[in-house]
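Student: My request is simple: use the sequences and hints to build the entire structure.
Keeping their order, the protein sequence lines are chains A and B.
According to our numbering, the first sequence is numbered sequentially starting from 1.
According to our numbering, the second sequence is numbered sequentially starting from 1.
Accuracy of the hints is not assured; some may be wrong.
Claimed, not checked - Label-pair distances were calculated between CB atoms; the ranges are:
id, chain 1, residue 1, chain 2, residue 2, range
1, A, E4, B, D86, 58 to 66 Å
2, A, Q219, B, A208, 32 to 40 Å
3, A, S23, B, T204, 22 to 30 Å
4, B, G130, A, T105, 29 to 37 Å
Unchecked claim - Simulated crosslink set (DSBU-like; lysine-lysine; CA at most 30 Å straight-line):
id, chain 1, residue 1, chain 2, residue 2
5, A, K180, B, K236
6, A, K161, B, K236
7, B, K117, B, K89
8, A, K236, B, K236
9, B, K180, A, K161
Unchecked claim - Here are some, though not all, of the chain A residues that point toward chain B, as calculated from beta-carbon distances under 10 Å:
id, residue
10, R156
11, A157
12, G205
13, V207
14, A208
15, G209
16, L215
17, S216
18, W221
19, E227
20, A228
21, D230
22, L232
23, P233
24, D234
Derived from the structure by calculation, the hints contain no laboratory data.
Cβ coordinates follow ideal geometry from the N, Cα and C atoms, glycine included.
2 protein chains.
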Amino acid sequence: MMLERGLVFMSDTRTNAGLDDISTFRKMAIWETPGDRSITLMAAGNLATTQAVVSLLDERSKSPGDRAPSLLGVPSMFQAARMVADTLKEVIAQHADTGQRADSTFNATLILGGQIKGGPHRLFLIYPEGNFIEAGRDTPFFQIGETKYGRPILVRAYDPKMSFQAAMKLLLVSFDSTLKANLTVGAPFDFHCYEADSLCTGQTGRVAGDDPYFLSISQGWGQALREALDMLPDFKLGKDPSDA
Amino acid sequence: MMLERGLVFMSDTRTNAGLDDISTFRKMAIWETPGDRSITLMAAGNLATTQAVVSLLDERSKSPGDRAPSLLGVPSMFQAARMVADTLKEVIAQHADTGQRADSTFNATLILGGQIKGGPHRLFLIYPEGNFIEAGRDTPFFQIGETKYGRPILVRAYDPKMSFQAAMKLLLVSFDSTLKANLTVGAPFDFHCYEADSLCTGQTGRVAGDDPYFLSISQGWGQALREALDMLPDFKLGKDPSDA
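Tutor: Next comes the structure, spelled out in structure tokens:
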């Protein structure tokens, strides 16, 4: 999510190979050179694909001697998005070549955001085809994976001026709605709040499913929703004998 | 939606054959014999299929002499659901036979609810395969079509004791969330409030997209959501310089 004061990233940690085979994996990766750049990547889709992408990007960034460009070397966030997109496309192509026919099985979608010295903080959504779009005023946040259940509250409550604390609350409420509806989304949630122009990784952490704050939000939100609905005027039916 | 005091049905009216080809069709049909039964059917999916199903059920109910059973003749809501399910399966099979290979193209899903003298009011979800499930205490409402965006508020705010007026408000809020996210869902909305044991059609009507009440709900709900979120405590970050 893109805010005036920075970027807020949140990802769940559940992966599944069927309803009877779920596990917990980190879906967020961060690369930084303090004082120069901080880049965060979140992934949804085929785990083998997304892990391969992260590993490839990681290896490159750790072998500066290598001729291959690295996330720690690219001059701009746009170039970073390009590199990540190419890597994603490449990995998917490799998997698709080795046997399985091209369908969505190996696909993955990525969210990349951060800031590189000399440029603003930017946020990108990267498609499996290797192309990508950037968040702007009209679309200031991206969702990947199971996006629908949690979207209405984001659309309604997002405010570019909101604090990191309020943004974290909003994202947890959004995830909570999804959690209640889709078993393939699960706590804990990893987060990173990147402060604009800090050029270094900001606050990161993990919110557990039994975290007291998360539980209070989850319960409080249900109550708050019911109260909000009660505040709205009821629909007027011509006559409703059952309400005599 | 199943309430203690009856059933509330609501359907949108938008159909599409691609984003550039949308139109308005009624997706709700009602059969009744006052004093004996009132049966409501709502449809989602292939319009040709659902219209064929309704027409077939209609013809049968209008030719009592016909040996084929009719919705106005069946002894119970379970038998009604069975008849509708068989009709749906039959129509899909016919379409599938005539050329196109079996995929979801001709599929449709139905919600059937009502009451027949001697039995309680019941609510069924009918699948394209011709089988169906019934709403109970644990799952007191069904959604078909684009179900995800509007689900969280239903799950959170549903109350079996709620009035028809409150239920209508809840359903309009739920539809509004979907409306804002999916172009294939659109006003006006048809509704029917069936009062338990009345054994006749209750209040029916259509809520237009520019209906003052609907507009006030739509705007009021956004505001109410933001206020509800504000009421919840913010997430505590160790330190957030940007909030100095």
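Student: Each hint needs a verdict: does it hold in this structure or not?
Tutor: Consistency of the hints with the structure:
1. A:E4 x B:D86: 58 to 66 Å: holds, 59 Å
2. A:Q219 x B:A208: 32 to 40 Å: Once the Cβ atoms are compared, 37 Å apart, the range 32 to 40 Å for A208 of chain B and Q219 of chain A holds.
3. A:S23 x B:T204: 22 to 30 Å: violated, 50 Å
4. B:G130 x A:T105: 29 to 37 Å: With a Cβ separation near 30 Å, G130 of chain B and T105 of chain A satisfy 29 to 37 Å, so the hint holds.
5. A:K180 x B:K236: holds, 23 Å
6. A:K161 x B:K236: holds, 18 Å
7. B:K117 x B:K89: holds, 27 Å
8. A:K236 x B:K236: violated, 43 Å
9. B:K180 x A:K161: holds, 23 Å
10. R156: holds, 5 Å
11. A157: holds, 5 Å
12. G205: holds, 8 Å
13. V207: holds, 8 Å
14. A208: violated, 13 Å
15. G209: Violated, because the Cβ-Cβ distance from G209 of chain A to chain B comes to roughly 15 Å (cut-off 10 Å).
16. L215: violated, 12 Å
17. S216: holds, 7 Å
18. W221: This hint holds: W221 of chain A lies near chain B, its Cβ roughly 6 Å from the closest one there, short of 10 Å.
19. E227: holds, 7 Å
20. A228: Nearest chain B Cβ about 4 Å off; hint holds.
21. D230: Because about 8 Å separates D230 of chain A from the closest Cβ in chain B, which is inside the 10 Å limit, the hint holds.
22. L232: Holds - the Cβ of L232 of chain A comes within 10 Å of chain B, reaching about 5 Å at its closest.
23. P233: holds, 7 Å
24. D234: holds, 4 Å
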